[in-house]
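For the record, the sequence lines run as chains A and B. Using the numbering used here, the first residue of the first sequence is number 1, and each one after it goes up by one. Using the numbering used here, the first residue of the second sequence is number 1, and each one after it goes up by one.
A hint or two may mislead.
Identical copies go unnamed one by one, so any copy, or any two together, can satisfy a pair.
Unchecked claim - Capping the alpha-carbon separation at 25 Å, the derived lysine to aspartate or glutamate pairs in DMTMM-like fashion look like this:
(1) LYS403 with GLU389
(2) LYS250 with ASP370
(3) LYS207 with GLU407
(4) LYS360 with ASP346
(5) LYS403 with GLU233
(6) LYS307 with GLU389
(7) LYS4 with ASP94
(8) LYS403 with GLU206
(9) LYS4 with GLU35
(10) LYS207 with GLU354
(11) LYS250 with ASP416
(12) LYS82 with ASP56
I should point out that these hints are in silico values taken from the structure, not numbers from a laboratory.
There are 2 protein chains.
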Amino acid sequence: MTRKNAFYAQSGGVTAVINASACGMLQTARQHSQEIGKVYAGRNGIIGALTEDLIDASIETESAIAALKHTPGAAFGSCRYKLTSIREHRQQYDRLIEVFQAHDISFFFYNGGGDSQDTAHKVSEMAAELAYPMACVGIPKTMDNDLPITDCSPGFGSVAKYLAASVREVAFDVASMSRTSTKVFVLEVMGRHAGWTTAACALAAEKEGDAPHLLLLPEVLFDEARFLARVKEAVARHGHCVIAVSEGLKGPDGKFLSAQGSDAFGHALLGGVGPRIAALINDKLGTKCRWAVPDYMQRAARHAASKTDVEQAYAVGRAAVEFAVAGKSGVMPAIRRLSDAPYRWDIIEAPLSEVANQEKLMPPDFISADGFGITEAARRYLAPLIVGESFPPFRNGLPDYVKLRNESVPRKLAKDFAI
Amino acid sequence: MTRKNAFYAQSGGVTAVINASACGMLQTARQHSQEIGKVYAGRNGIIGALTEDLIDASIETESAIAALKHTPGAAFGSCRYKLTSIREHRQQYDRLIEVFQAHDISFFFYNGGGDSQDTAHKVSEMAAELAYPMACVGIPKTMDNDLPITDCSPGFGSVAKYLAASVREVAFDVASMSRTSTKVFVLEVMGRHAGWTTAACALAAEKEGDAPHLLLLPEVLFDEARFLARVKEAVARHGHCVIAVSEGLKGPDGKFLSAQGSDAFGHALLGGVGPRIAALINDKLGTKCRWAVPDYMQRAARHAASKTDVEQAYAVGRAAVEFAVAGKSGVMPAIRRLSDAPYRWDIIEAPLSEVANQEKLMPPDFISADGFGITEAARRYLAPLIVGESFPPFRNGLPDYVKLRNESVPRKLAKDFAI
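Based on the provided sequences and hints, a complete structural model is requested.
What follows is the structure in structure tokens.
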């Protein structure tokens, strides 16, 4: 078999463990030196391919690659950039083929969420249509946990663990202050349409009365009167009330409570629903309420990552390479759950055509009857995903993360490509 | 020597390590069973004494007391409640003496910040004035690091470590996204007047270009034009810009940029300056900016505590008991720095009269000439305070914190006391 080069890129909102997938992919590629020559990473996702801005990942040391496993963010840069269809924008695809040919690339690995798997899918379709020999494999990643087929998405377990730990910690604080000061606390959680991250906050509670006392899930339309009554009741019973609210909470009209324009993909950009709910409580109940919006902190918190999540992120990176060298294309490694307790899982193949652009919402039977919590079924699903600690090394009191050299591959094409 | 009972209470905004001080106090009191009988904790600070709502800490198990060392919040409840002067409100002091006498209390330990040390000071003055035999010892605590005399305040090192780690992590995220999405990130930090916590964020940076790129300290009046020019410059040079802003940032008029009413002490309640600065950047520079407000999360984050801080919090709890049994009163154990590197410290006595109601701002030579950063002197001061990890035990993926039994001591007085 002739050795061919590989392209790897990271795309979409990053997570605490997307670099663990990069680590799995790169270490496994090095083990397959019979089939894979160099690994070129796209600087900032697919944009790196379009603009021929490639990073030579082959020159990074073994120890730098190993350190990716404990480093948050996207080591090669990410992007929010979606390919249009071949019909609409043929030029983009011609350019990709041109760049791949110029650099002898026949393996394509794209690490991201639903939009990114759509990109991987389109590249695989394009390669087939143009009869360009390329193994296209997606690598799942999203803190939102909204990818279909895979039982969970790498990135989710760590944000789930961070949020549940934060809810538990904040609850100790609020309970301490509630006699004369703050009685209610609102934590705003990321997650556009699916309530997985908000639901994960409920793992902080082990028995009746434990925080969080109320969840505001994006799957349940906000009912102000019912909500305020429940807050009042919780304060009366427990002395305090901790609430986790999804940034994607929708009002009775089905519109986001807090829309702030839109991103490059036309998704509504959210933020600010936490302070809004807190203001409502202050105003309508006259109860002192504080709020937190950890925003990117939650998805970057590698210091509090889930060991299970790190292992799964690594495993999908590894499996992607194994799929590709086995001649598979148009697929994504997915996590299959074999049992809840003890938690066991393995890796299966998911067709990119069935992954792209799909959003997996929480199943209705994961949401409690009153809409303000989760069921035992949800708890059984969520619980194993946050298990295990995977602390990064610390130096001078802080997590010691790696920055790669990220040296550019010399360009081979004369013309630029505007994106 | 006759055995006398002790009163211990926690006051003011809580921290990740105030219970480590409780642990030091309680374990040391148990070692001094010749002098100290039972330890009664005030439920919710001094309010517990005024309302005769005492908790029998003596019945807690050794292991529960030991677990306080890794549990955030105030195990006995805190309060924001300030005693007025004896002249103004004699009745309060008569009531305190009445409760202390009824429960044979001759040791008074009050664990808190500047306002709480004022309470401890007033109680010690009152005891002297009424010739009631009582050793009154303060125990320092404040995430704000604004207590005088003590080189640092227990609670600060842990919030400093959490914030610096979060800044570092968020910077990896923003750097990843900056090509097509978020280029600027604003982190709002607690701390009313003193910039210690905001300054601590700078520990995330090890070399030129590292985040945070700009600090907005409460000691430096906000100059919008200069600030925006620096943000623009940072984005141009580094591709992204991470900013830490104090909730107590003041405008050119000397007024808080974001005032939201006032607390029980008449302090302005802050919050929301982060989103305000982010909106400014979005609007004036047209650069995509996101923001985070971790609020209580930062001071409750025991999972990310500084080992140095935990040890100091424990040490001041222990020293308070040793001072008291040695017959000292009207004092507070303070941390004295013996050297920066290697970091060495010991415990000295600070008179409560000199601690009460004082706020230690950052010295001018800790703030860089441009006002947007810290100096090497500040870095030398701050660096050792975040060193060392002190992870709590984890169970089912989450920190395993203790809740005490908190059983009430039977009341001995007939009448209630309205507060």
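Copy assignment of LYS250 with ASP416, given that the CA separation must stay at most 25 Å | neither (43 Å within a copy, 47 Å between copies)
When no copy is named, should LYS403 and GLU233 be tagged within, between, both, or neither for a Cα gap of at most 25 Å?
-> between (50 Å within a copy, 22 Å between copies)
When no copy is specified for LYS207 and GLU354, does a C-alpha distance of 25 Å or less occur within a copy, between copies, both, or neither?
-> This pair counts as neither: shortest intra-copy Cα distance 39 Å, inter-copy 46 Å.
Intra/inter-copy verdict for LYS307 and GLU389 if alpha-carbon distance must be at most 25 Å | both (5 Å within a copy, 18 Å between copies)
Is it within, between, both, or neither for LYS403 and GLU206, if the alpha carbons may be no more than 25 Å apart?
-> between (39 Å within a copy, 13 Å between copies)
Give the relationship of LYS4 and GLU35 under a CA distance limit of 25 Å: within one copy only, between copies only, both, or neither.
-> within (6 Å within a copy, 79 Å between copies)
Between the shortest in-copy and the shortest cross-copy C-alpha distance, which are at most 25 Å for LYS207 and GLU407: within, between, both, or neither?
-> Answer is between: at 20 Å across copies they meet the 25 Å cutoff, but 52 Å inside does not.
Up to 25 Å between alpha-carbons, please classify LYS360 paired with ASP346: within, between, both or neither.
-> So LYS360 and ASP346 pass the 25 Å test inside one copy only (20 Å; across, 56 Å).
25 Å Cα threshold - placement of ASP94 relative to LYS4 = For LYS4 and ASP94, only the intra-copy Cα distance (20 Å) is at most 25 Å; the inter-copy one is 87 Å.
Identical-chain pair category, LYS403 with GLU389, by Cα at 25 Å | both (23 Å within a copy, 23 Å between copies)
Is it within, between, both or neither when you check LYS82 against ASP56 at 25 Å Cα-Cα?
-> within (24 Å within a copy, 63 Å between copies)
Using 25 Å as the alpha-carbon threshold, which applies to LYS250 and ASP370: within, between, both, or neither?
-> within (16 Å within a copy, 44 Å between copies)
Going down the numbered hints, you'll see the structure goes against 10 and 11, while the others check out.
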